[in-house]
Amino acid sequence: MTVALKSWKALGTSVHVLATDAGALGRATTAVSEVLEDVDTAYSRFRQDSELSRLNANPGRVVRVSPLLATAIDAAQRAARLTDGAVDPTIGQAIRVAGYDDDFSRVAAQGGPVTLRTWRVPGWKAIGFDRRSRVVFLPDGVELDLGSTGKALAADLAARAALNAAGAGGVLVSLGGDIATAGTPPPGGWRIHVAEDSRARPDAEGEVICLTSGGVATSSTTVRRWTRGTAVLHHIIDPETGLPTTGPFRTVTVAAATCLDANIASTAAIVRGETAIDWLMRRNLPARLVENDGTIHYIGRWPDPSGVAA
Amino acid sequence: MNALTPIQRDRGLQRLRRLTFGATAGALVAVVGVGYVAAASYAGKTSSSSTALSTTPSTTTTTNSSSTSSSNGLQAPTQAPTTGSSGSGTVTSGGS
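Residue numbers (this note's numbering), protein chains in the order written: chain B, 1 to 310; chain H, 1 to 96.
Only chain B is shown next, with the shape it has when bound in the complex:
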């Protein structure tokens, strides 16, 4: 069975939608586009008129937010809770000060030195949030960045919407390498090329896995990098230091029941560093970790790559 594919750019990254029913691809892509527009309006950090930007610009005030932003904040708080704060939405100021203060296509690859200081970010418990009433209160100095969990959540929401629009069959949505599936997969499962950079061609040399449900996410310090002075910086912030992580793993890919859970785990693994393997194994999450020197670790039920050559 061949699957139909449509690709375009949104949210500052690449979007791929696959459908097992070629006749439903149009409806599926329309549904995905609508979800991504809603996401951009609700929680883009780079749009001055987004709900999240307005929330960040009004600390010390009680704000009632839309259901979508409330869902994204809820997801981010859950991520922080389940990772003991390794994936924390209050890194907004830290990542902005580090230089990632605009859509990445507009962030200068190189620039003058910046002054970075080590400080623990305020932490997710500083956020006043009631899920039921959708009321949020950010104290002074607390700035949210939902980028880590937000994209994966968007992939899950988009896949669900695409399946509803398609009516039957199966769909896959990839947002910059964060992959969510819904419905019945093609025979043998969805084929996913695992790489360090989501821009790598799917037919490039590397490992391919097949997934029948759930999601896959990859976090990597090798992409979205920039230089300030002599310091090479990247977008994964350690909440303990407020600085880009410096752990032993440069890329982590995780498979989970949802793209969101996969993303939470892959990001947490990068941040946790030395303790990541044990942390992933205790959660029974299949994962692939690449050390800074290129050494690869396969965790849990992640397929043995020697099976490809066999």
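There may be inaccurate statements among the hints.
Just the calculated beta-carbon pair ranges, DEER-fashion [as the list claims (entries may be wrong)]:
(1) Q75(H) with N58(B): 33 to 39 angstroms
(2) T30(B) with Q79(H): 28 to 34 angstroms
(3) G294(B) with S85(H): 45 to 51 angstroms
(4) S53(B) with Q75(H): 27 to 33 angstroms
In short, the hints are calculated from the structure, not lab data. No residue lacks a Cβ here, since even glycine has one placed at the ideal position from N, Cα and C.
Chain H: place on chain B using the hints.
Below, chain H without anything else, positioned relative to chain B:
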């Protein structure tokens, strides 16, 4: 009407004191009892608005309890991924 003797008057006053004490004690028990029942019946109601705006860890409890579906741990896939080979319909998962 006959005048009371001093002994009769003292007995009357003692009876009155016992009645006053009994009524006060009864009222106190009633207040505590009704308050307890009210507190049990409306548990949490008075704190909901202030908790929503709180920045203390108690906020966390409120958020957790109001979204039980999201309080589960990270979920592994129902079926583990298997090895595959590249072909049409392959997408890339990587950092972005």
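Taking the hints in turn, this is what the structure says about them:
Roughly 35 angstroms separates the CB atoms of Q75(H) and N58(B), a value that falls within the hinted 33 to 39 angstroms. Our hint of 28 to 34 angstroms for T30(B) and Q79(H) holds, since their Cβ atoms are close to 30 angstroms apart. Between G294(B) and S85(H) the Cβ separation comes to about 23 angstroms, which falls outside the hinted range of 45 to 51 angstroms. With their beta carbons about 32 angstroms apart, S53(B) and Q75(H) fall inside the hinted range of 27 to 33 angstroms.
Going down the numbered hints, you'll see the structure goes against just number 3.
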